[in-house]
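Given chain A, put chains B and C in place with the hints provided.
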Amino acid sequence: MANVIRRQTLAARLSRAAVYSVLVLAALFYLLPLVVMLITSVKPLSEISAGTLLMLPQDPTLAPWTKAWGEACTGMRCEGVGGYFWNSFAIVIPAVLISTTIGALNGYALTKWRFKGAELVFALMLFGCFIPFQVVLLPMAQTLGWLGISSSRAGLILVHVVFGIAFTTLFFRNFYVGIPDELVAAAKLDGAGFFRIFWRILLPVSTPIIVVSVIWQFTQIWNDFLFGVAFSAHNTQPVTVALNNLVNTSTGVREYNVDMAAAMIAALPTLVVYVLAGKYFVRGLTAGSVKG
Amino acid sequence: MAALEIHNVCKDFGSERVLKDVSISIDSGEFLILVGPSGCGKSTLMNAIAGLEPVTSGNIYIDGDDVTWRTPADRDIAMVFQSYALYPSMTVRQNISFGLEMRKVPKPEREAAVERVADLLQITHLLERKPSQLSGGQRQRVAMGRALAREPKVYLFDEPLSNLDAKLRVDMRTEIKKLHQRLGTTIVYVTHDQVEAMTLADCIAVMRDGQILQLGSPDEVYNNPVDMFVAGFMGSPSMNFISAMLERDGDGYAVRIATPDEEDLCLPWPAARVTEAMTEQLGQPVVLGLRPEHFSEEDERLTAQAEGTLMHTSVTVVEPTGADMLLRLPLGDQEVTARVGPKCAVSPGERLALRVDMARAILFNAETEKRLA
Amino acid sequence: MKNIATTRTGKAPRAATSGGLQAWLPRLVLAPSVAISLFFVYGFMLWTFILSLTSSRMLPSYDFVGFGQYARLMQNERWWVASTNLMIFGTLFVLICLVIGALLAMLLDQKIRQEGVLRTVYLYPMALSFIVTGVVWKWLLNPSLGIQAMVQSWGFESFRFDWIVDPDMAIYTLVIAAVWQASGFVMALFLAGLRGIDDSIVKAAQLDGASLPRIYWRVVMPCLRPVVFSAVMILAHIAIKSFDLVVALTGGGPGYATDLPATFMYAHAFNRSQIGLGSASAMLMLGGVLAILIPYLYSELRSRRHG
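Residue numbers (full-length UniProt numbering), protein chains in the order written: chain A, 1 to 292; chain B, 1 to 373; chain C, 1 to 307.
Since the hints were derived computationally from the structure, they do not count as laboratory data.
No false leads were slipped in.
Cross-link-like lysine-lysine pairs, in silico, DSS-like; alpha carbons within 27 angstroms at most:
no.: 1; chain 1: B; residue 1: LYS20; chain 2: A; residue 2: LYS116
no.: 2; chain 1: B; residue 1: LYS130; chain 2: A; residue 2: LYS279
no.: 3; chain 1: B; residue 1: LYS167; chain 2: B; residue 2: LYS177
no.: 4; chain 1: B; residue 1: LYS130; chain 2: B; residue 2: LYS107
no.: 5; chain 1: B; residue 1: LYS167; chain 2: B; residue 2: LYS178
no.: 6; chain 1: B; residue 1: LYS153; chain 2: B; residue 2: LYS178
no.: 7; chain 1: B; residue 1: LYS130; chain 2: B; residue 2: LYS104
no.: 8; chain 1: B; residue 1: LYS104; chain 2: B; residue 2: LYS153
no.: 9; chain 1: C; residue 1: LYS111; chain 2: A; residue 2: LYS279
Because the structure is a prediction, the values reported are computed rather than measured.
Excised from the complex, chain A in its bound form (with noise of 0.2 angstroms):
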């Protein structure tokens, strides 16, 4: 085998080379705004007005991220993302945990425990995922006012838990689908019941799913514009509606220095999740729409 792997034609390294430089060219295509964002966002003004795009910083400065941290203006204030980027934090941590516990219960309880009706329950529920937004943005608004909690972070986390848990059901149902059956006849038999059930047996093997509907909700939820632009008052915003405000905020000389290292730190959680994460990110990605 090897020996016939060795005696390739001059076209078959060539065609094989071709691959390579698409492959890399590729590469290149991807990483170039990320690369221009790096660069740009540690470069001085006056060196982006008097270079180019991919000109090395000269003088390399993180004085445009503490700006865009602490200073910058957002609108009418002028004190850069920094706040908004625990704003963010605090929206998302309770939002992916509470809409992740529900997704969990909800597939084990479809799965697990099938009743007359559950497939239609869960198409019912499904269908949440697939509604644009644009359709429910007026009723939230008023409901998000009945409740009294509209423009705060409360009604943020409710309405990313309200509009997430079809996608935390969708996962979790389709991870426990494939665990057998026979596992929660044999715990029932055993003189287990529905939560001892869950928590003993389901949940110990549950991890990579949780991880996925983790992450999937923890990304979606910190990129969100849609409904943090149109539930959040100044003081409640999302770190990307923030950096929105910030990059048209017209006051004065446009810092695109400070708009990249803005970008950077609306990107960055997501981007450290990916990195460390990636495999799950992908299954997230992909839960569903492959089959098998």
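Only chains B and C this time, still in chain A's reference frame:
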């Protein structure tokens, strides 16, 4: 008192009735095997006994108590699953003691039970392992250990050996039999393997299409099957079914098998085995059921005592199995299997004299497939 | 004694099989989610539909005007621009993502060294917010400081790449940024699909003497049909929902040249006090999603029933 009684149980899935008026009763310490082809309802019946599926009508009694509407946990039964269903996150020890823990058995007693069971099944060295670190046979043992730890009134085994390879299956079969003899437990065992059924059971229930066709001892089911299905299902190689005509032969009856190109073969039916039902089928087509071992090779030295009817035929295929030899030979317009001694020197194409033991042959109604005699 | 027991417990309700509360627990656990779904998804859809039948402007009012808002929408030039833009954007976005994704997946499937690194690089944009993507690409596409300026500084003085300020071309900048973000995801879908194909099929085709491109075209691609189908679904869905990218990259401009239905809806419902009109546009977006979704779900369910 009956350990398990099933009264007229029916079960519907949607509009389909998968259990049709099933009634069984077994005594304490009995080994009942439910056997039948896949889809015959045997697993559904098992789940109904376990309480994992509610029945549509009928009642189930365990030890005299009506448990029809009790939860699985309240029935005092244990089950060994085909897939073993070991809890993947727990060690073998935790798997075995989980049921006791759920029943709030104090820890020292739980520990004692685990030791006892582990000792019995020789899995003491595996107690701290996780199921994923065990081989198929070891998992099987742990699954049995989990059932044995609780000492329930009834054990349910759902095709417990079907995931093992052939050698291990035979070993475990023996082991289960030994355990049963030693512990005197009441066992309901589902299988589609008729060898398992024959070797293990005190009592076999042959099922088909949600009904119990025959309930009896292995000997009864094998030698006195009620119809062609039971006869064909039990035994390997399975019973030969030969189309024939039932005729009068002097004072008695004979079975005539039309043979192309040759003279018809006429086998006289033993007078002692003539039944009422046969007389009604006189002159009608019937099916003659002959097990492979109902044929025997003609031995000239023994001709004097030999029983049965002599026939001559040519052999088409010879399959030595080691212990004996299977011959394929034409009979009537079909091919049948005969089991003869391993020393039988015959090659394909040769003619051979065989005796047919009509004293053990079985006669079926060709239309209803029910037994005539 | 046994008879008494039979008559007493024989008629127990079916639910009792699993012991009263235990039987209801699964349903109880699901009940809040079902209620949430019924209210926040189905109730809100109905609510928006009702709003779309009213003359609501700044605040919701329930003064019904029939399908008047839909009629207004049909006569609204900006809505037509938004809809046309969605067709252009959606079609190009889906097609280019599919082509790039499939190509990269097939190339990556050739036992490539460092495949993991390349895969990570292709896919990372999907982890970013569309706002970040928009901000970065806005900078790259900035004629005086971005790619155009860079290429010109390399000596190609006549190089023009100022689509973002050109009303006729700005919509294509959305396509570029969106493709950059999502094509890696399509690659991941295809790669997963490719890896799911039985190796022996490819080996058999090789033994039959087929060349590699031919194997991909004749043997592998047909196996990937469900993947293509899913990818189209997801991409189309992203396209219809696209809101943040437009806001961050072009702000709908120049003028309203890059408006999409999603930004149209938001602008009218929240900024221009046209709640009725905004609701009508939201309902049409829902209609668009359903038009894609229902055939998809139908075929999914059918294939599952047959399989």
